[in-house]
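> So the chains spell out like this:
Number of protein chains: 2
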Amino acid sequence: MDTAIKEIPGGVTAPAGFRASGIHAGLRKNKSRRDLALIVADCRCAAAGVFTTNKVYAAPVGVTREHIADGYAQAIICNSGNANACTVDGFEKANLTCKALSEHLGIKEEDIIVASTGVIGLPLPVEIIISAIPELAEQLAYGEMASYAAANAIMTTDTRPKEFACEFTLGGKKVKIGAICKGSGMIEPNMATMLGFITTDAGIEPAPLREALRSVVADTFNMVSVDGDTSTNDMVIILASGMANNAAITAPEGEDYETFRAALLQICTNMAKAIAADGEGATKLLECTVRNYYDKEGAKKLAKSVIKSPLVKTAMFGADANWGRIICALGYAGVEFDPYKVDLKFKSKAGEIDVCKNGCAIEVDEEKAKEILSCDYIYIDVDCKCGKASATAWGCDLSYEYVRINGDYRS
Amino acid sequence: MDTAIKEIPGGVTAPAGFRASGIHAGLRKNKSRRDLALIVADCRCAAAGVFTTNKVYAAPVGVTREHIADGYAQAIICNSGNANACTVDGFEKANLTCKALSEHLGIKEEDIIVASTGVIGLPLPVEIIISAIPELAEQLAYGEMASYAAANAIMTTDTRPKEFACEFTLGGKKVKIGAICKGSGMIEPNMATMLGFITTDAGIEPAPLREALRSVVADTFNMVSVDGDTSTNDMVIILASGMANNAAITAPEGEDYETFRAALLQICTNMAKAIAADGEGATKLLECTVRNYYDKEGAKKLAKSVIKSPLVKTAMFGADANWGRIICALGYAGVEFDPYKVDLKFKSKAGEIDVCKNGCAIEVDEEKAKEILSCDYIYIDVDCKCGKASATAWGCDLSYEYVRINGDYRS
Chain H
0 MDTAIKEIPG
10 GVTAPAGFRA
20 SGIHAGLRKN
30 KSRRDLALIV
40 ADCRCAAAGV
50 FTTNKVYAAP
60 VGVTREHIAD
70 GYAQAIICNS
80 GNANACTVDG
90 FEKANLTCKA
100 LSEHLGIKEE
110 DIIVASTGVI
120 GLPLPVEIII
130 SAIPELAEQL
140 AYGEMASYAA
150 ANAIMTTDTR
160 PKEFACEFTL
170 GGKKVKIGAI
180 CKGSGMIEPN
190 MATMLGFITT
200 DAGIEPAPLR
210 EALRSVVADT
220 FNMVSVDGDT
230 STNDMVIILA
240 SGMANNAAIT
250 APEGEDYETF
260 RAALLQICTN
270 MAKAIAADGE
280 GATKLLECTV
290 RNYYDKEGAK
300 KLAKSVIKSP
310 LVKTAMFGAD
320 ANWGRIICAL
330 GYAGVEFDPY
340 KVDLKFKSKA
350 GEIDVCKNGC
360 AIEVDEEKAK
370 EILSCDYIYI
380 DVDCKCGKAS
390 ATAWGCDLSY
400 EYVRINGDYR
410 S
Chain Z
0 MDTAIKEIPG
10 GVTAPAGFRA
20 SGIHAGLRKN
30 KSRRDLALIV
40 ADCRCAAAGV
50 FTTNKVYAAP
60 VGVTREHIAD
70 GYAQAIICNS
80 GNANACTVDG
90 FEKANLTCKA
100 LSEHLGIKEE
110 DIIVASTGVI
120 GLPLPVEIII
130 SAIPELAEQL
140 AYGEMASYAA
150 ANAIMTTDTR
160 PKEFACEFTL
170 GGKKVKIGAI
180 CKGSGMIEPN
190 MATMLGFITT
200 DAGIEPAPLR
210 EALRSVVADT
220 FNMVSVDGDT
230 STNDMVIILA
240 SGMANNAAIT
250 APEGEDYETF
260 RAALLQICTN
270 MAKAIAADGE
280 GATKLLECTV
290 RNYYDKEGAK
300 KLAKSVIKSP
310 LVKTAMFGAD
320 ANWGRIICAL
330 GYAGVEFDPY
340 KVDLKFKSKA
350 GEIDVCKNGC
360 AIEVDEEKAK
370 EILSCDYIYI
380 DVDCKCGKAS
390 ATAWGCDLSY
400 EYVRINGDYR
410 S
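Top to bottom, those sequences are chains H and Z.
Residue numbers for the first sequence, in numbering that gives the first Met the number 0: 0 to 410.
Residue numbers for the second sequence, in numbering that gives the first Met the number 0: 0 to 410.
Don't read these hints as lab results, they were simulated from the structure.
Bear in mind that the values here come from a model prediction, so they are computed numbers and not experimental data.
Any given hint could turn out to be false.
Same chains, same label: a pair holds when it works inside one copy or across any pair of copies.
To be verified - Derived DSS-like pairs (lysine-lysine); straight-line CA-CA distance at most 25 angstroms:
id, residue 1, residue 2
1, Lys300, Lys367
2, Lys173, Lys30
3, Lys369, Lys28
4, Lys344, Lys54
5, Lys300, Lys54
6, Lys98, Lys300
7, Lys54, Lys384
8, Lys54, Lys340
9, Lys356, Lys54
10, Lys387, Lys54
11, Lys5, Lys387
Same shape as in the complex, but just chain H (with noise of 0.2 angstroms):
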């Protein structure tokens, strides 16, 4: 049997029974970005979604949660360049979307998935996006092409569209997972603190997908923290057309259910680390494994409290071997460890550098250290030597970048 994972082109349309198109719309002043996107499948399809944990949830977090609840849809509509969130039109304008886009497409409203990205509080121009949708349906295509213009339209500050697909075999059929993503800003390891949308042609029922997404989502974007802060609008949604005829899935286990979840989850953590390295003002992607800990959870908070920290975060900017600030945000990371066990490394591509052994204080090469950590992609090993789990969280550095971009972000 072939359980290989291929990663393919095309993000959300490469899964076969899904178009995808991306418009400028005018939400944002600037007429050479996109600022709308829509994915629609060619059939109703099984969905699953989870959402940001904020207590103030966007408008558009609040319908998608309801039309989700029975676990089908098929078309997701996303704007950037407004949140929907704090105004008191929210709700009326987010089903105001959808009823458009439902009467245009011939689609039930409660089968549309609406989000929205932006600056929160103001009022969400929503004539904008109806009239637009005219358009934005016109230009629905299969192919790679509709994916990117798909993925350019949900961006915010992100400096690159994110894109990722991958193929594999279920049951002697040849199945794809496809997906588009944006982050940057308000990211948080609280939740699903960004906007990712998955599509598949697998067949598989609602309720091993939502278990799917839910147990994936929570060893990936929930493992990585750009800045601390969880977005009011954030969601992860998968559709699953079922049109790569497999067998479908009716439960959460099983080789199917394995093979499909391994999947989404190479999909995910590609989407996380895409996430992380792309973080505001981001200059490199840290990733922080945290080895032989107790216990899965207590080692996933270890991980994210390094992760977090702004001193790490600077003193990867700086390329700074200062591993004292590591072993403190371990420290406060309101798990037990035994400081006195812990072993610290510095890894890149330019190599790898011991920087503690046992808590303490080693002889550092620091030219070599300074080498390793001026690499765009630094991994921060540490070795709990107390026990059996490990977990592993993503991040980036914290640059003059990041106060540029967030000091005058709505002008």
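Based on these hints, arrange chain Z on the given structure of chain H.
Structure of chain Z alone, referenced to chain H:
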């Protein structure tokens, strides 16, 4: 009865019975920077301390915890330039420092408080400290110049020394409290995350002194955040000489205790604000008050969540009235609240402006908002309209300078 608390000069040497000194011992390369401080009481004092909650705590924190456990101490020695944390011989060296000072001053080792601040993981050159003790003791003096020297010697990336003192009446006697502190980096509200040394000539027994310090720290130092990092080294210590000859306070209750606690609260509030205002790279002091919430603990969590948000901090740096980030930070504070009841207001010496009513956008004069947010002391007022409890937290904006300082701290 005169209940006024009057601010006075003099720092830790303001209260009767305290001498101080601060010299350049040689821990820092820059000879114009002091790096060793000493505070000595004329008699054995009632003493209390609050320490970092970090699981990784520096050797001097461990030694001091033991020395203060009996509720008495007489001298405080503190070096900057080296944290004496995460090194194999840290405890031994902290004990050697106490031993040398004990022999030189004729004070019991167990009555000596030892503290360090600086880089983690570098072996402490304890021989430099030991050989500097004679000069450090020689320089001991009463009077404000001595406090100023000590306040200078404990600085790391602080831009200015921090000293406070006040005078009030306790049972007909004039009583004083004095303090020096340092903050700047690794300031997080989980504990007394900085160094604060407080002296008083009040007569107060160890038990009520400990309770007063504990309760005041919870509302002051623990409500400050610069960057969310809890240091390995931080402590707040108070020594009470009893030389004001008031009738000693023997329990954490009664009029005298409340008067003493109020004065200590004022001193610690001033220190907390000074630490926030001098946060690494800070250009503005931020004060967030959450009002009319169900309970105080929840109000504290909400206020701290706002103060800690990197997106709020950068918006304040940019004088951008992006209040959506404030309501977003309230939303992930981890406590229940109704976003659709929240009113938000910005205040400064340039005026005040409402920016959000009942969780929703209102029309805002952006020019006026910019003017208000361009001042160096910004009040963020959050009215939850659901209860009667309130809490205040302090922080600072996040600037380019924070990144510069921390990108290359060790060089």
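> For every hint, state whether the structure bears it out.
Going through the hints against the structure:
1. Proximity of Lys300 and Lys367 under a CA criterion of 25 angstroms is satisfied in neither setting, with 29 angstroms inside one chain copy and 43 angstroms between copies.
2. For a Cα distance limit of 25 angstroms, the shortest separation of Lys173 from Lys30 qualifies neither inside one copy, at 40 angstroms, nor across copies, at 71 angstroms.
3. With identical chains, the CA atoms of Lys369 and Lys28 are at most 25 angstroms apart between copies only, with a shortest distance of 22 angstroms across copies and 43 angstroms within one.
4. For the homomeric pair Lys344 and Lys54, the shortest alpha-carbon distance between copies (20 angstroms) is at most 25 angstroms, but the shortest distance inside one copy (38 angstroms) is not.
5. In this assembly of identical chains, the alpha carbons of Lys300 and Lys54 lie at most 25 angstroms apart whether taken from the same copy (22 angstroms) or from different copies (14 angstroms).
6. For the identical chains of this complex, Lys98 and Lys300 are neighbours neither inside a copy (42 angstroms) nor across copies (40 angstroms), given an alpha-carbon limit of 25 angstroms.
7. Within a single copy, Lys54 and Lys384 get their C-alpha atoms only as close as 38 angstroms, which misses the 25 angstroms cut-off; across copies the closest is 16 angstroms, which meets it.
8. In this assembly of identical chains, Lys54 and Lys340 lie within 25 angstroms of each other by CA distance solely across copies; the values are 13 angstroms between and 39 angstroms within a copy.
9. When the C-alpha separation of Lys356 and Lys54 is checked against a cutoff of 25 angstroms, the pair qualifies only between copies, where the shortest distance is 17 angstroms, while the shortest distance within a copy is 42 angstroms.
10. For the identical chains of this complex, Lys387 and Lys54 are inter-copy neighbours only, at 21 angstroms across copies versus 35 angstroms inside a copy, given an alpha-carbon limit of 25 angstroms.
11. With identical chains, the CA atoms of Lys5 and Lys387 are never at most 25 angstroms apart, being 30 angstroms at best within one copy and 59 angstroms at best between copies.
The structure shown violates the earlier hints numbered 1, 2, 6 and 11.
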